[in-house]
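Trainee: Going down the list, the sequences are from chains A and B.
The first sequence lines up with residues 1 to 320 when you count with the working numbering.
The second sequence lines up with residues 1 to 320 when you count with the working numbering.
No wet-lab data here; the hints were simulated from the structure.
A couple of the hints might just be wrong.
Heads up, incomplete: computed chain A residues facing chain B, CB under 10 Å, no partners named [unchecked claim]:
no., residue
1, THR53
2, ILE69
3, HIS99
4, THR102
5, GLY103
We put the CB at the ideal spot given by N, CA and C, even for glycine.
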Amino acid sequence: MSYAEAIREALAEEMRRDKNVFVLGEDVGKFGGAFKVTKGLLDEFGPERVRDTPLSENAIIGAAMGAAIMGYRPVAEIMYMDFLHECSDQLVNHLPKMHFMTGGKLTAPVVIRTQYSLGRNTGAQHSQFFPSFYMNTPGIMVATPSTPADAKGLLKAAIRGSNPVLFVECAALYGRHGEVPEGDYVIPFGKADIKRPGNDATVVAVSRMVGEALSAADVLASEGISIEVIDPRTLVPLDTDTILSSVKKTARLITAEDSCSTCGVGAEIVARITERAMDYLEGVERIACPDTPAPFSPPLQKAYMPGKDAIVTAVKRMMS
Amino acid sequence: MAAISKTSLLSLYETMLRQRMLEEEVVELFKQGLIPGLAHPYIGQEAVAAGVCAALGEGDLVVSNHRGHGHSVAKGIPERAILSELMGKDAGMCLGLGGSMHSTDLQAGVIFSTAIVGGGIPLAVGVALALQMDRKANCVACFFGDGATNTGAFHEALNLAAVWRLPVVFVCENNRYAVSVPVSKSTSASIVQRGQAYGIPGLSANGMNVLDVYAVASEAVARAKKGEGPTLMECETYRYKGHGVYDSGLDYRTQQEVDEWVKRDPIKGFERKLTTEKLASAEELDAIRSRVKSRLAEAVEFAKNRPYPSNDLLGKFVWA
Chain A
1 MSYAEAIREA
11 LAEEMRRDKN
21 VFVLGEDVGK
31 FGGAFKVTKG
41 LLDEFGPERV
51 RDTPLSENAI
61 IGAAMGAAIM
71 GYRPVAEIMY
81 MDFLHECSDQ
91 LVNHLPKMHF
101 MTGGKLTAPV
111 VIRTQYSLGR
121 NTGAQHSQFF
131 PSFYMNTPGI
141 MVATPSTPAD
151 AKGLLKAAIR
161 GSNPVLFVEC
171 AALYGRHGEV
181 PEGDYVIPFG
191 KADIKRPGND
201 ATVVAVSRMV
211 GEALSAADVL
221 ASEGISIEVI
231 DPRTLVPLDT
241 DTILSSVKKT
251 ARLITAEDSC
261 STCGVGAEIV
271 ARITERAMDY
281 LEGVERIACP
291 DTPAPFSPPL
301 QKAYMPGKDA
311 IVTAVKRMMS
Chain B
1 MAAISKTSLL
11 SLYETMLRQR
21 MLEEEVVELF
31 KQGLIPGLAH
41 PYIGQEAVAA
51 GVCAALGEGD
61 LVVSNHRGHG
71 HSVAKGIPER
81 AILSELMGKD
91 AGMCLGLGGS
101 MHSTDLQAGV
111 IFSTAIVGGG
121 IPLAVGVALA
131 LQMDRKANCV
141 ACFFGDGATN
151 TGAFHEALNL
161 AAVWRLPVVF
171 VCENNRYAVS
181 VPVSKSTSAS
191 IVQRGQAYGI
201 PGLSANGMNV
211 LDVYAVASEA
221 VARAKKGEGP
231 TLMECETYRY
241 KGHGVYDSGL
251 DYRTQQEVDE
261 WVKRDPIKGF
271 ERKLTTEKLA
281 SAEELDAIRS
291 RVKSRLAEAV
301 EFAKNRPYPS
311 NDLLGKFVWA
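Let the sequences and hints guide you as you build the complete structure.
Mentor: Here you go:
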């Protein structure tokens with residue numbers, strides 16, 4: 001099934017399983033969501049559990065949080081990751097800190113589903129991917145599924161967990177098909193997935209770049225080079241140990257993401273690994289977007305986005 | 001409105017006295033260096049907390065703010081838990097992790113207090129959503145100041161509460177100043193009219209008169225519990241002290257203005273009413289005053305003698 005269908009299936013299964021789970025967001029009801037992910041949920045669960053909201057990101061997340069501290073399990077949709085900034089106060093100043101500030105009295109199990117649209121020519125304000133902002137905000141978990149199966153398993157775990165979760169989908173992947181285990185498939189947070197084992201270099205790729213890394217692996221394999229592709233799946237908590245073990249084997253670390261390079265996910269991963277495995281490392285490189293806003297014109301956007309070619313080039317450079 | 005029993009009248013008096021005496025003690029303890037950080041004295045506004053909280057019943061909740069010690073006392077959080085928290089001691093209601101601005105006590109029904117002006121208003125809407133989804137005939141009162149009525153969060157939250165017809169009483173404590181900026185310079189039209197903009201009744205109350213606040217709050221609470229939706233209450237009140245304990249309040253206000261408001265003191269005014277109308281004797285009121293004083297003294301001793309939390313607490317409560 002497709003990535004979008006897998007997310008829809010996870011939502012529907014969790015809503016059947018637990019009546020406290022409800023969905024809210026702009027256009028999620030009758031319209032089925034801007035990307036049609038919530039299509040059909042209104043028909044099955046009714047308007048009390050699938051709520052169209054006004055254009056009010058601050059109120060959407062604040063209200064979701066208020067319902068969550070009272071025992072509900074809201075899944076709020078923020079249409080574009082760029083719009084998370086509209087609700088930053090709730091998302092950063094409140095949600096990750098509720099459990100802590102109250103000495104453990106409150107829990108706020110809000111899942112915020114959002115997506116990034118880089119690659120779809122949507123311009124600088126509809127293309128941003130910045131999960132590392134939330135790695136620097138203790139108290140919120142961050143998931144970045146790259147396959148339909150991972151999307152289903154991680155979303156179920158997110159909804160059942162007791163903590164706030166930022167669940168970042170990739171619009172470019174919504175139509176991608178893949179095998180999805182039937183039934184109650186749940187993936188624990190904090191467990192990276194070695195999507196492809198290898199020996200010559202470790203490539204830690206996030207979201208859309210996982211597919212690019214696997215394509216790069218095919219190209220490199222034909223030249224006798226094997227790369228290990230690791231998909232962290234969750235950036236918070238981050239499975240540093242799996243990456244560390246891999247780097248101790250390969251001695252080469254490459255990170256790949258659709259964020260801007262400075263202070264991106266790669267910056268944190270490289271810092272952690274060099275702190276702990278300096279002696280093992282022969283090469284380190286981050287592959288990311290350049291430090292500019294995303295351009296609109298298609299050829300410029302294509303040049304802006306990292307891809308398999310950048311990974312292939314980086315691996316060969318490291319090995320020469 | 002039905003006549004109020006003597007017990008209730010004396011309870012209102014005692015609640016206001018408890019707030020006043022606690023807050024005066026807090027100012028003292030701050031000067032002595034025993035309360036660190038920030039504290040925002042509620043002195044002068046006691047009638048609002050007392051009147052609103054008296055109108056709330058079993059299972060009704062409060063969302064409070066940075067100027068929240070009065071709300072905490074009026075809703076029933078023990079003085080020793082409040083003072084311990086303010087001093088950062090282990091017996092604080094949030095174990096010393098929150099401080100002055102994050103009062104939370106689920107038994108007392110103070111579900112959360114936020115330090116971000118306006119930040120608690122969307123949260124209160126979410127709490128009300130949970131009450132509505134629970135089919136409970138309960139409501140939530142959300143306290144905020146005049147400054148908060150200019151935040152985006154206020155407007156988003158009022159709109160959402162109106163659209164979803166939620167059981168929330170929005171209580172604006174208009175003390176005429178947001179730190180140093182007077183309402184006349186910052187706030188267009190009137191605050192009660194802002195309710196009307198969202199189709200919500202806007203009710204005015206004399207915030208220096210506890211019975212007036214109680215009457216208006218009772219009306220708003222009744223509406224909410226009948227499922228008729230939210231109300232905006234604007235209570236005209238005044239803080240005798242500055243914005244925070246470090247602010248004299250006289251850089252932007254005249255002593256003459258302060259003195260004019262002190263003449264309308266809610267506690268003295270109520271004393272006069274009770275004794276003049278023979279609703280209570282001076283002796284009864286003195287007895288209450290003594291009781292409150294000795295309870296407070298005991299709470300101060302308790303908090304002073306508690307230890308600070310151990311550093312082990314640092315790693316706790318990030319994740320539920």
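Trainee: For each hint given before, does the structure comply? Return the numbers of the non-compliant ones in rising order.
Mentor: Of the numbered hints given earlier, the structure breaks none, since each of them holds.
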